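Chemist: If you're matching them up, the sequences are chains A and B in order. The numbering of the first sequence is this note's numbering, which starts it at 1 and goes up by one. The numbering of the second sequence is this note's numbering, which starts it at 324 and goes up by one.
Just so you know, these hints were derived from the structure itself, not from any lab. Predicted model, so just to flag it, every value in this text is computed and none were measured. Some hints here could point you the wrong way.
Below 16 Å or equal to it, Euclidean Cα-Cα: the simulated EDC-like pairs (lysine to aspartate or glutamate) are [said to hold, decoys possible]:
hint	chain 1	residue 1	chain 2	residue 2
1	B	K429	A	E89
2	B	K448	A	E137
3	B	K353	A	D84
4	A	K106	B	E412
5	A	K127	B	D480
6	B	K351	A	E128
7	A	K125	B	E460
8	A	K125	B	E412
9	A	K106	B	D407
10	B	K429	A	D84
11	B	K448	A	D84
12	A	K30	B	D411
13	A	K106	B	D411
2 protein chains.
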Amino acid sequence: MNLTEIIQPIKTELLEFERFFKKMMFSKVKLLNIISHYILRQKGKRIRPTLVFLSAKLVGDINESTFHAATLVELLHTATLIHDDVVDESDMRRGFPSLNSIWGNKVAVLVGDFFLAQGLLLSLKHKEYRFLHITSEAVRRMSEGELLEIQTSRSNDIDEEVYFRIISDKTASLISACCELGAASTTDDEVVLYKLKNFGENLGIAFQLRDDLLDYMGETSITGKPVASDIRDGKITLPLIYALKNSSRKESRRVMKIIKNNPRNKDIFYVIDFVKSYGGIDYTLKVAEEYLERAKSLISDFSDSLAKASLLKLADFVLERVS
Amino acid sequence: MNLTEIIQPIKTELLEFERFFKKMMFSKVKLLNIISHYILRQKGKRIRPTLVFLSAKLVGDINESTFHAATLVELLHTATLIHDDVVDESDMRRGFPSLNSIWGNKVAVLVGDFFLAQGLLLSLKHKEYRFLHITSEAVRRMSEGELLEIQTSRSNDIDEEVYFRIISDKTASLISACCELGAASTTDDEVVLYKLKNFGENLGIAFQLRDDLLDYMGETSITGKPVASDIRDGKITLPLIYALKNSSRKESRRVMKIIKNNPRNKDIFYVIDFVKSYGGIDYTLKVAEEYLERAKSLISDFSDSLAKASLLKLADFVLERVS
């Protein structure tokens, strides 16, 4: 994804954002400050603040509140990544050793908690209660979505409806929150807020569909994951759900048996072929395109601007290397 | 500690509280509900809600807001325990297998996140912004206090001032928050809030001093920890800080060397004797008593009531089996 072009209309704001963000990461505790410096050196892509600023600019004027929203969401995101690495026992993050691998699990979790608390305190200080509501709702949805995913992957009880509930909650919720936050920082117009919230929701779903597609297409350099990691993990995503539904009972049983018994490379190729031959890839691509069209149509009424162009470009980029 | 007597004045409220608490623990996700049932079966002592209700009753009338405060604080506490078990890789909690040992780290962390989000959403729904501020401040202090403790234990750079900063932040902050929350649910009077906040702060510090004392006195049945676990972990608490300050340079160096080199039982007994002979136990006990007196004096002006008697009794119980 070519971010340079997309962030053009909010370049100054993103630079200014770093100042806000940094300010919330430091405290009286030396150890914490050493760790915050370490985190800041491996600067992330700031995709969530980018969505906040672009959404704000699309519907109004970026202001102090927009910076609070972007800071809240990036603090939450940073805390989540740190906690994820503890749970997954990951040694690396963004090409650097993870916090847990350097300072241990306890320190990593505490640093994450500190960032969460700072996000809450920043919002409370500036009476950004709506932001807190949007963000807490996203956190609730993310945990519910991931728990539902684990539950269904254990029971194999998944269909299209459950799949979409999972990916909306675990992935689209935070992207949706970013767009809604940005809009909420400049306007109270419920129709506008509804549009941006749903723009993000549809964009987020398409993004997860792309991720699930790439897993079948072996583009490791984009997802950074080993090819077919979902199949290896016994994760059933849309391409497979569709193929299973459209194959014979005998065939679908055979594929399910393969997936649930530590498949080897030979088995993986068999499953990929099965999914392709029953149209699982084409179908998922078509559905992803529909979500992107829905996202784009939700912001089509706003008058043309650089921010609008960037958001539309962002939507186009989602399926760029897939279709 | 005899809780039955202490909770007498708020017995009905504690029962009613269970209903509020339960309601926030369930969702559409089956797996989550199974886990919540499991957690509710091993009912905790509800010490934090008890402090909330007693503090509310001391200064006013318990109302709907008091229940929100108690629920918020118990959700936060439950989430913290679950996350702690992941970080410490604990297999047991309250005599039952921990969530992480049954469902794995990922599920445990997600369930904790869900409870946190529910606590936030409950407070936002009822516009309990003051509660959110008090609680977020406590979370920030807890993470800072624990990080400072880890930092100083690595550098050995600890004196009485740093020690009190650590225990205020890591332990007293949440007890203080409970008392302030209870009071804030019934009154806006800043003087009253100040008193209850500081009652909790002093009580919390005394409670940690007692814990640190018991570690030297080997009362495993009370702390539930192995005797002298602080010495074994190289943790320097007030009894030792005092003894080190009052011994010769040569002696204090020797003790520090012992502590920092995986002490065996023989070494542990030596350190305990050292601390006792230089008055570290007596001094810590005296300081703890002073904090309890300060706590009690902060609520002495309130007119006599069953709630007041309970809070005073709670303060007396802190050092019951120690002095």
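Chemist: Decide, hint by hint, whether the structure agrees.
Modeler: We went through each hint and held it up to the structure:
no.	hint	result
1	B/K429 <-> A/E89	holds (10 Å)
2	B/K448 <-> A/E137	holds (11 Å)
3	B/K353 <-> A/D84	violated (23 Å)
4	A/K106 <-> B/E412	holds (10 Å)
5	A/K127 <-> B/D480	violated (39 Å)
6	B/K351 <-> A/E128	violated (28 Å)
7	A/K125 <-> B/E460	holds (11 Å)
8	A/K125 <-> B/E412	violated (36 Å)
9	A/K106 <-> B/D407	holds (8 Å)
10	B/K429 <-> A/D84	holds (8 Å)
11	B/K448 <-> A/D84	violated (28 Å)
12	A/K30 <-> B/D411	violated (23 Å)
13	A/K106 <-> B/D411	holds (7 Å)
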